[in-house]
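Take the sequences, apply the hints, and build the full model.
Number of protein chains: 2
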Amino acid sequence: MMMLLRDLARNVGTAHAQVVPITVFVAVLCLCLVVGHLLEENRWMNESITAILIGLLSGAIILVLSKGKSSHILRFNEELFFIYLLPPIIFNAGFQVKKKQFFQNFFTIMLFGVVGVFISTFIITVGSWWIFPRLNFIGLTARDYLAVGTIFSSTDTVCTLQVLHQDETPLLYSIVFGEGVVNDATSVVLFNAVQKLDVTRLDGKNALHIVGDFLYLFTASTGLGVIAGLLTSFCLKTLCFGRHSSVREIALMVLMAYLSYMLAELLELSGILTVFFCGILMSHYAWHNVTESSRITTRHVFAMMSFVAETFIFLYVGMDALDIEKWKMTKLSFGTLIGIYSTLLMLILVGRAAFVFPLSAFSNYINRRADRTSTITLKHQVVIWWAGLMRGAVSIALAFKQFTYSGVTTDPVSATMITNTIIVVLFSTLVFGFLTKPLIHWLLPHSAANGQQPREGKMPKEDMTVPLLSLEESAATNLLRAKDSLSMLIERPVHTIHSYWRKFDDAYMRPIFGGPSHISSAC
Amino acid sequence: MMMLLRDLARNVGTAHAQVVPITVFVAVLCLCLVVGHLLEENRWMNESITAILIGLLSGAIILVLSKGKSSHILRFNEELFFIYLLPPIIFNAGFQVKKKQFFQNFFTIMLFGVVGVFISTFIITVGSWWIFPRLNFIGLTARDYLAVGTIFSSTDTVCTLQVLHQDETPLLYSIVFGEGVVNDATSVVLFNAVQKLDVTRLDGKNALHIVGDFLYLFTASTGLGVIAGLLTSFCLKTLCFGRHSSVREIALMVLMAYLSYMLAELLELSGILTVFFCGILMSHYAWHNVTESSRITTRHVFAMMSFVAETFIFLYVGMDALDIEKWKMTKLSFGTLIGIYSTLLMLILVGRAAFVFPLSAFSNYINRRADRTSTITLKHQVVIWWAGLMRGAVSIALAFKQFTYSGVTTDPVSATMITNTIIVVLFSTLVFGFLTKPLIHWLLPHSAANGQQPREGKMPKEDMTVPLLSLEESAATNLLRAKDSLSMLIERPVHTIHSYWRKFDDAYMRPIFGGPSHISSAC
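Top to bottom, those sequences are chains A and B.
In terms of UniProt numbering, the first sequence has 360 at position 360, counting the first letter as 1, and numbering is strictly consecutive.
In terms of UniProt numbering, the second sequence has 259 at position 259, counting the first letter as 1, and numbering is strictly consecutive.
These are computed hints drawn from the structure, not numbers from a lab.
From the three backbone atoms N, C-alpha and C, an ideal C-beta is built for every residue, glycine too.
Worth double-checking, as some hints may not be accurate.
[Claimed, not checked] Label pairs and their calculated CB-CB ranges:
1. K196(A) / K67(B): 23 to 33 Å
2. Q195(B) / S342(A): 52 to 62 Å
3. D167(B) / F107(A): 53 to 63 Å
4. L65(A) / G212(B): 32 to 42 Å
5. G223(B) / D411(A): 47 to 57 Å
6. L65(A) / T219(B): 28 to 38 Å
7. T219(A) / K67(B): 32 to 42 Å
If you want it as structure tokens, here you go:
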């Protein structure tokens, strides 16, 4: 035993550079899992908070052990994040999303997720542009200010989703979840659009250019994801992989999803959007073409990978908060720093309020003729507003992309922006996150009863129970239906489009790409 | 569309260094999966051959596209192999091994896997030491020759296992599978022992030192794996993770397995042995403590990761075979190269024959009083001999570790040794692998009928059907049993130890660490 310990002590100093940090990080991840599980029923904690606190603790221990030299073991590399950690998180979101509700509330989700980000970015950019110089914090370029706007417009809704219950408040859950995903994608796409922008001439034409770029990125990325998903489904359906081994089926789904993401990145599209839609398509078609055990496996594996990636990121944020070098590099007074943090937090609060309440009213106006379940009440609006206040992984990654070179900051301004981002993420996750459960319990007392872990249930199950459309209906019924549909289309456009899509899907798409109505296939 | 293609063409040149190779590699992996599936029923092909051929093809295409500059996309890094690719392969082997048969044939497997590697290493080292200088290939040090011995003693039995059927020839299957795993571990451990050796004085004392080092590594590594496995099982059993989410259970199993491997590497033990025993313990205890869906998921996920890692390695071998730079660096004549390859292949054939046939005879002598099913017939001996002729991933990785510095060769001798290894791996996998199915069909015609894909069945299922031991037997029966056992112990030591272990396991281990007899636990 002593011999082992001596070896360990010696190797920590001399072994391969990669082995030590990976070992420590995996050990801390295991600890996080166990502690997270033990605190599952605690009403103040959630996974993100647990991971951040454990990260802070580990950072402190490493800081002491290394005698104040460094607090983190792995140097954060935004490539690590964008190449390995983000794809599983987003793919899983697409794979587990309740498609029916997502598409029924598509219009509202898009309002919040796309238009909302534009509004929020605008307010944060203009606000910081106006306030930062007054706090004696200068040195940011126009592009930096635009980047700051997008960085602090991406939300992290994990915490809220743990409290909301999708069976009790389906509309709210679907909007918060849907917005969270679309919001991530929009911020990244917008961030990339800003990168390409010619900031020397910021006029109306250029603003239009951003919108145009954004639309192109959005359409092309979605298209690529749909193609990848359909291709995988087609392969799995025609080639009947399950006949020989379910291992190949699972591997093909994982690899094709990843391929779609990487291909999108290569084409400078939004990998996030691509892999999100690839996930939706895969759970809609491909998932039905594989063996029963592959279905169970894929569902859990994607959830597991996403969970580990998220925990990893929050752990890192916790560790990085104690990075002495960055703090030393910041040459601002304590008062100025506090001013900057307060400004950013205030702008986040205002920026989000500025679109949630007006857009909710707009959405309610559009849906005024529909049944009452589509109306977003004021309490719901407050929950939606609050749900998007947390800032998370995407903010950090974008900040590193904008203000570091491969994770290393070289000037005081960039170092300040990185520490700013980390402080805002820490504060919003810890403080806002802490208050989320009590707030929701207070606002929506009926959903407080069993608000535990809705994650498990997010399987693409609803498809199994959809009544099959009979294709041999009489012409008369069809005519009658058409008339009904037409008047419906005027009143509730989204619902009607959705129901037409289902017919098309059942008649043409499912026979080719697979689905529950064709279980007895040729395999 | 044209715009996309233009973007693609531009980005392949300029994008982040990591994105392009990963994208290409993932795409080729997908292709491999599909082609491998289509060729599943072909009697000449197997997964390794398919992957190597596709690798060669991709290498050729890249060579043409890059105008003769390079044939591979990722530079091989033995750290990539030892840190990311090997652990899942070995863990899966341990997780899916039929423990009952493995331990019943433990003695024979250890004979082949440990003693056999020593004999084979000795013959290959001495043989190449004697022959290489006569072929005008000089420049290898004593340590290099010892390394060559271990490099070419590690086998790859994937191909044979695809043809053997574990229900028809259980003994043969268990020996070939068990030897494959133990052999991998032994070669790596021996390789590391050789690295530490003081080669200036190669005498009896030093040889004893290797054996001592080997025994220490073997015991310590196994112990670490057992501790990690038991700790995980205990955690899963006491904390009842499944109550909240099966995601955490799966993540904990994956992370703890990986942690055990990395910890072993950090302690300069054999990660392979550690993770192998961790896998055995996890499938024996931990697997029973998780929810039903986690069981299905873990089984398939480990198999999937192992499959992808193996395919990745063979693909790489195919691509690397066309690495122009290494070929140019080799300054030997064509005749000499052919001589070296023939020597190595000949030594592999002889080195394996030198231990398979004598050790089989020895094993038969030890088991002479046991029932006839434990006897290894001559036909079986030929199959075992043949099964271990293929050289694979571990050989490549060890060769890179010995003869390159982070994947880059600097002198002609090292470059020659790398190309030698690749050619031997290619030749043995392609030619010997090609002949395996026909040979086994000819030698064991009864097992030819349905020799398809035994992989699927390798789940730790047998535990479920083990009759429970009644703990309330009468004293008389116990006495009778004890007498029987004693005479058994003399005749068939391994079987008796195994049956005592089962009693101990059921009485003390399973109640603490979990197992099928305690399904109705507290969770």
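Next item on the list: Given the hint of 47 to 57 Å, check if G223(B) and D411(A) actually sit that far apart at their C-beta atoms.
Entry: holds (51 Å)
Margin query: 53 to 63 Å was suggested as the range; check whether the CB atoms of D167(B) and F107(A) agree with it.
Written below: holds (58 Å)
Next item on the list: Hint says 52 to 62 Å; check whether the CB-CB distance for Q195(B) and S342(A) agrees.
Entry: With a Cβ separation near 58 Å, Q195(B) and S342(A) satisfy 52 to 62 Å, so the hint holds.
Margin query: Within 28 to 38 Å: is that where the Cβ-Cβ distance between L65(A) and T219(B) falls?
Written below: Holds, since L65(A) and T219(B) (Cβ atoms, about 30 Å apart) stay within the stated range.
Margin query: If I claimed the Cβ atoms of T219(A) and K67(B) lie 32 to 42 Å apart, would that claim hold in this structure?
Written below: Because 36 Å falls inside the window, the suggested range holds.
Next item on the list: Starting from the hint 32 to 42 Å, judge whether the C-beta atoms of L65(A) and G212(B) obey it.
Entry: holds (34 Å)
Notebook entry, point to check: If you check the beta carbons of K196(A) and K67(B), does the distance land in 23 to 33 Å?
Noted result: holds (31 Å)
In summary, this structure violates none of the numbered hints.
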